[in-house]
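Peer 1: The opening residue of the sequence shown carries number 1 in the working numbering; numbering runs sequentially from there.
These are computed hints drawn from the structure, not numbers from a lab.
One or more hints might be untrue.
As the list claims (entries may be wrong) - Taking lysine-lysine pairs in the DSS-like style, the calculated list, with each CA pair at most 27 Å apart, reads:
#, residue 1, residue 2
1, K80, K204
2, K34, K221
3, K54, K156
4, K224, K54
5, K53, K84
6, K224, K34
7, K120, K187
8, K221, K204
9, K156, K221
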Amino acid sequence: MAMLPKAFPWILSALLIGSLEALSSPDSMAQVIKSGPPSCPGIALTFDLCPVKKSPGYDQALVDYLIQHQIPATFFMSGKWIAKHDAEVEHLLGIQFFEIGTHGEVHAHLPMHNAEEQQKEIHAPVRLLSEHYAHDTTLFRPPYGEYNDTTIDVVKLLGLRFIQWSIESGDPDPSLTADQILTRIEKRAKPGSIVVLHANGKGKQTRAVIERLTTDVLPRKSLKPMTVSELLACKQRNP
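Please work from the sequences and hints to get the whole structure.
Peer 2: This is how it looks when you write it as C-alpha coordinates:
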(Lines of atoms letter the chains of each structure in order from A and count residues from 1; the text may use other names and numbers.)
(Lines give C-alpha, C1' and ligand atoms only; values in the text may rest on other atoms or scores of the structure.)
Protein backbone atom coordinates (compact mmCIF):
# COMPACT_ATOMS: atom_id res chain seq x y z
CA MET A 1 0.00 0.00 0.00
CA ALA A 2 2.89 2.37 0.70
CA MET A 3 3.89 2.20 -2.97
CA LEU A 4 0.51 3.31 -4.32
CA PRO A 5 0.94 7.10 -3.96
CA LYS A 6 4.15 6.96 -6.02
CA ALA A 7 2.74 4.64 -8.66
CA PHE A 8 -0.64 6.30 -8.98
CA PRO A 9 0.48 9.21 -11.23
CA TRP A 10 2.01 6.70 -13.62
CA ILE A 11 -1.26 4.77 -13.69
CA LEU A 12 -3.15 7.95 -14.56
CA SER A 13 -0.64 8.76 -17.27
CA ALA A 14 -0.97 5.29 -18.77
CA LEU A 15 -4.75 5.52 -18.72
CA LEU A 16 -4.62 8.89 -20.48
CA ILE A 17 -2.24 7.64 -23.17
CA GLY A 18 -4.34 4.51 -23.67
CA SER A 19 -7.49 6.57 -24.05
CA LEU A 20 -5.82 8.85 -26.57
CA GLU A 21 -4.60 5.91 -28.64
CA ALA A 22 -8.13 4.53 -28.72
CA LEU A 23 -9.49 7.87 -29.89
CA SER A 24 -6.93 8.47 -32.63
CA SER A 25 -8.30 8.07 -36.15
CA PRO A 26 -7.51 9.34 -39.68
CA ASP A 27 -10.53 11.67 -39.63
CA SER A 28 -9.69 13.29 -36.27
CA MET A 29 -8.87 16.57 -38.04
CA ALA A 30 -12.58 16.89 -38.83
CA GLN A 31 -13.12 17.69 -35.14
CA VAL A 32 -11.48 21.12 -35.53
CA ILE A 33 -14.26 23.67 -36.07
CA LYS A 34 -13.30 26.72 -38.13
CA SER A 35 -16.73 27.94 -39.19
CA GLY A 36 -20.45 27.36 -38.87
CA PRO A 37 -22.93 26.16 -41.50
CA PRO A 38 -22.79 28.22 -44.72
CA SER A 39 -26.58 28.07 -44.86
CA CYS A 40 -26.84 30.34 -41.81
CA PRO A 41 -26.72 34.15 -42.24
CA GLY A 42 -24.72 34.49 -39.03
CA ILE A 43 -21.17 35.30 -37.98
CA ALA A 44 -19.46 34.64 -34.63
CA LEU A 45 -17.39 37.45 -33.13
CA THR A 46 -14.92 35.81 -30.75
CA PHE A 47 -12.48 37.48 -28.37
CA ASP A 48 -9.42 35.90 -26.79
CA LEU A 49 -8.60 36.86 -23.20
CA CYS A 50 -5.06 36.10 -22.10
CA PRO A 51 -2.65 38.18 -19.95
CA VAL A 52 -0.46 40.79 -21.62
CA LYS A 53 2.54 42.49 -20.03
CA LYS A 54 1.93 46.09 -21.08
CA SER A 55 -1.82 46.37 -20.72
CA PRO A 56 -4.47 46.15 -17.98
CA GLY A 57 -5.57 42.96 -19.72
CA TYR A 58 -9.18 44.00 -20.29
CA ASP A 59 -10.70 46.21 -22.98
CA GLN A 60 -13.46 47.82 -20.95
CA ALA A 61 -14.56 50.17 -23.75
CA LEU A 62 -14.98 47.26 -26.14
CA VAL A 63 -17.00 45.18 -23.69
CA ASP A 64 -19.15 48.19 -22.77
CA TYR A 65 -19.96 48.72 -26.45
CA LEU A 66 -20.93 45.08 -26.93
CA ILE A 67 -23.19 45.22 -23.88
CA GLN A 68 -24.73 48.58 -24.76
CA HIS A 69 -25.71 47.37 -28.21
CA GLN A 70 -26.50 43.80 -27.09
CA ILE A 71 -24.08 42.20 -29.54
CA PRO A 72 -23.64 38.44 -28.99
CA ALA A 73 -20.01 37.49 -28.48
CA THR A 74 -17.89 34.56 -27.34
CA PHE A 75 -14.88 35.03 -25.04
CA PHE A 76 -12.06 32.50 -24.71
CA MET A 77 -10.32 32.92 -21.34
CA SER A 78 -6.99 31.50 -20.23
CA GLY A 79 -6.69 30.23 -16.66
CA LYS A 80 -4.00 32.78 -15.88
CA TRP A 81 -6.27 35.58 -17.13
CA ILE A 82 -9.19 34.29 -15.05
CA ALA A 83 -7.02 34.28 -11.92
CA LYS A 84 -6.16 37.97 -12.42
CA HIS A 85 -9.62 39.19 -13.40
CA ASP A 86 -12.17 37.77 -10.97
CA ALA A 87 -14.56 40.74 -11.16
CA GLU A 88 -14.43 40.83 -14.96
CA VAL A 89 -15.11 37.09 -15.19
CA GLU A 90 -18.15 37.45 -12.93
CA HIS A 91 -19.39 40.36 -15.04
CA LEU A 92 -18.98 38.57 -18.38
CA LEU A 93 -20.68 35.45 -17.05
CA GLY A 94 -23.67 37.55 -16.10
CA ILE A 95 -24.34 38.85 -19.62
CA GLN A 96 -27.04 36.71 -21.21
CA PHE A 97 -25.86 37.17 -24.81
CA PHE A 98 -22.20 36.40 -24.05
CA GLU A 99 -20.70 32.92 -24.20
CA ILE A 100 -17.56 31.76 -22.39
CA GLY A 101 -14.94 29.31 -23.60
CA THR A 102 -11.41 28.49 -22.44
CA HIS A 103 -8.00 29.22 -23.91
CA GLY A 104 -5.56 27.04 -22.00
CA GLU A 105 -4.03 27.67 -18.58
CA VAL A 106 -0.86 29.69 -19.28
CA HIS A 107 -1.23 30.21 -23.05
CA ALA A 108 1.34 27.51 -23.80
CA HIS A 109 2.53 26.28 -27.19
CA LEU A 110 0.64 22.99 -27.00
CA PRO A 111 2.49 21.03 -29.74
CA MET A 112 5.67 21.37 -27.65
CA HIS A 113 4.11 19.29 -24.85
CA ASN A 114 3.19 15.64 -24.40
CA ALA A 115 -0.34 14.32 -23.92
CA GLU A 116 -0.36 14.53 -20.12
CA GLU A 117 0.97 18.10 -20.13
CA GLN A 118 -1.53 19.17 -22.77
CA GLN A 119 -4.35 17.63 -20.76
CA LYS A 120 -3.38 19.67 -17.70
CA GLU A 121 -3.01 22.88 -19.73
CA ILE A 122 -6.39 22.46 -21.42
CA HIS A 123 -8.41 21.21 -18.46
CA ALA A 124 -7.21 23.60 -15.73
CA PRO A 125 -9.34 26.65 -16.72
CA VAL A 126 -12.35 24.41 -17.42
CA ARG A 127 -12.11 23.10 -13.86
CA LEU A 128 -11.53 26.62 -12.47
CA LEU A 129 -14.69 27.98 -14.11
CA SER A 130 -16.68 25.03 -12.83
CA GLU A 131 -15.40 24.99 -9.26
CA HIS A 132 -15.02 28.72 -8.59
CA TYR A 133 -17.79 30.20 -10.75
CA ALA A 134 -20.23 27.27 -11.05
CA HIS A 135 -20.03 27.64 -14.82
CA ASP A 136 -19.60 24.69 -17.16
CA THR A 137 -18.09 25.38 -20.57
CA THR A 138 -17.51 23.11 -23.54
CA LEU A 139 -15.72 25.45 -25.96
CA PHE A 140 -11.92 25.43 -26.25
CA ARG A 141 -9.55 27.43 -28.42
CA PRO A 142 -5.83 26.55 -28.44
CA PRO A 143 -3.34 29.31 -27.59
CA TYR A 144 -1.85 30.86 -30.74
CA GLY A 145 -4.18 28.59 -32.72
CA GLU A 146 -1.47 25.92 -32.46
CA TYR A 147 -2.26 22.22 -32.13
CA ASN A 148 -1.29 18.73 -33.24
CA ASP A 149 -3.06 15.37 -33.35
CA THR A 150 -2.47 14.92 -29.62
CA THR A 151 -4.26 18.21 -28.90
CA ILE A 152 -7.28 17.11 -30.91
CA ASP A 153 -7.45 13.79 -29.09
CA VAL A 154 -7.10 15.41 -25.66
CA VAL A 155 -9.87 17.90 -26.45
CA LYS A 156 -12.10 15.03 -27.57
CA LEU A 157 -11.26 13.03 -24.44
CA LEU A 158 -12.26 15.99 -22.24
CA GLY A 159 -15.58 16.34 -24.05
CA LEU A 160 -14.84 19.82 -25.39
CA ARG A 161 -15.52 21.41 -28.78
CA PHE A 162 -12.38 22.52 -30.61
CA ILE A 163 -13.00 26.05 -31.92
CA GLN A 164 -10.62 27.76 -34.34
CA TRP A 165 -11.57 30.54 -36.76
CA SER A 166 -12.03 31.25 -40.45
CA ILE A 167 -11.07 34.94 -40.24
CA GLU A 168 -7.95 36.18 -38.46
CA SER A 169 -8.53 39.88 -37.84
CA GLY A 170 -4.92 40.72 -37.01
CA ASP A 171 -6.12 43.19 -34.38
CA PRO A 172 -3.09 42.73 -32.04
CA ASP A 173 -0.75 43.98 -34.80
CA PRO A 174 0.18 47.58 -33.86
CA SER A 175 1.11 48.34 -37.47
CA LEU A 176 -2.46 47.78 -38.72
CA THR A 177 -4.98 50.62 -38.78
CA ALA A 178 -8.68 50.17 -38.05
CA ASP A 179 -9.36 50.51 -41.79
CA GLN A 180 -6.90 47.73 -42.62
CA ILE A 181 -8.31 45.37 -40.00
CA LEU A 182 -11.86 46.10 -41.11
CA THR A 183 -10.95 45.45 -44.74
CA ARG A 184 -9.40 42.07 -43.82
CA ILE A 185 -12.61 41.03 -42.11
CA GLU A 186 -14.97 42.44 -44.74
CA LYS A 187 -13.22 40.62 -47.61
CA ARG A 188 -13.57 37.26 -45.86
CA ALA A 189 -16.88 37.63 -44.01
CA LYS A 190 -19.59 35.25 -45.20
CA PRO A 191 -22.36 33.11 -43.68
CA GLY A 192 -20.90 30.88 -40.97
CA SER A 193 -17.66 32.82 -40.44
CA ILE A 194 -15.88 32.79 -37.08
CA VAL A 195 -13.71 35.87 -36.46
CA VAL A 196 -10.88 35.93 -33.92
CA LEU A 197 -10.22 39.23 -32.12
CA HIS A 198 -8.91 40.24 -28.69
CA ALA A 199 -10.55 41.81 -25.64
CA ASN A 200 -7.43 41.98 -23.47
CA GLY A 201 -6.38 45.45 -24.59
CA LYS A 202 -3.78 44.18 -27.02
CA GLY A 203 -5.90 45.23 -29.98
CA LYS A 204 -5.76 49.01 -29.87
CA GLN A 205 -8.20 49.33 -32.79
CA THR A 206 -10.61 46.57 -31.80
CA ARG A 207 -13.31 48.79 -30.28
CA ALA A 208 -13.43 51.03 -33.39
CA VAL A 209 -13.39 48.01 -35.70
CA ILE A 210 -16.31 46.35 -33.92
CA GLU A 211 -18.43 49.48 -34.06
CA ARG A 212 -17.98 49.88 -37.81
CA LEU A 213 -18.29 46.15 -38.39
CA THR A 214 -21.62 45.86 -36.57
CA THR A 215 -23.18 49.10 -37.81
CA ASP A 216 -22.05 48.98 -41.44
CA VAL A 217 -20.26 45.91 -42.80
CA LEU A 218 -22.38 43.11 -41.33
CA PRO A 219 -25.76 44.75 -42.09
CA ARG A 220 -24.66 45.30 -45.72
CA LYS A 221 -23.74 41.63 -45.95
CA SER A 222 -26.96 40.56 -44.19
CA LEU A 223 -24.93 38.86 -41.47
CA LYS A 224 -26.11 38.68 -37.87
CA PRO A 225 -23.69 38.39 -34.90
CA MET A 226 -24.16 35.16 -32.93
CA THR A 227 -22.34 33.27 -30.22
CA VAL A 228 -20.32 30.28 -31.41
CA SER A 229 -22.89 27.80 -30.08
CA GLU A 230 -25.74 29.69 -31.72
CA LEU A 231 -23.86 29.74 -35.01
CA LEU A 232 -23.10 26.02 -34.94
CA ALA A 233 -26.75 25.22 -34.15
CA CYS A 234 -28.14 27.60 -36.78
CA LYS A 235 -30.18 25.97 -39.55
CA GLN A 236 -31.71 29.05 -41.16
CA ARG A 237 -30.98 29.53 -44.83
CA ASN A 238 -29.35 32.65 -46.13
CA PRO A 239 -32.00 34.79 -47.88
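Peer 1: Please go over all the hints and tell whether each is borne out by the structure.
Peer 2: Structure-based check of all given hints:
1. K80 to K204: Distance of about 21 Å is within 27 Å: holds.
2. K34 to K221: holds, 20 Å
3. K54 to K156: Violated. K54 to K156 sits at ~35 Å, over the 27 Å cutoff.
4. K224 to K54: violated, 34 Å
5. K53 to K84: holds, 12 Å
6. K224 to K34: holds, 18 Å
7. K120 to K187: violated, 38 Å
8. K221 to K204: Holds, at roughly 25 Å.
9. K156 to K221: Given that 27 Å is the threshold and the Cα spacing comes to 34 Å, the pair is violated.
The structure is inconsistent with the numbered hints 3, 4, 7, 9, although it conforms to all the rest.
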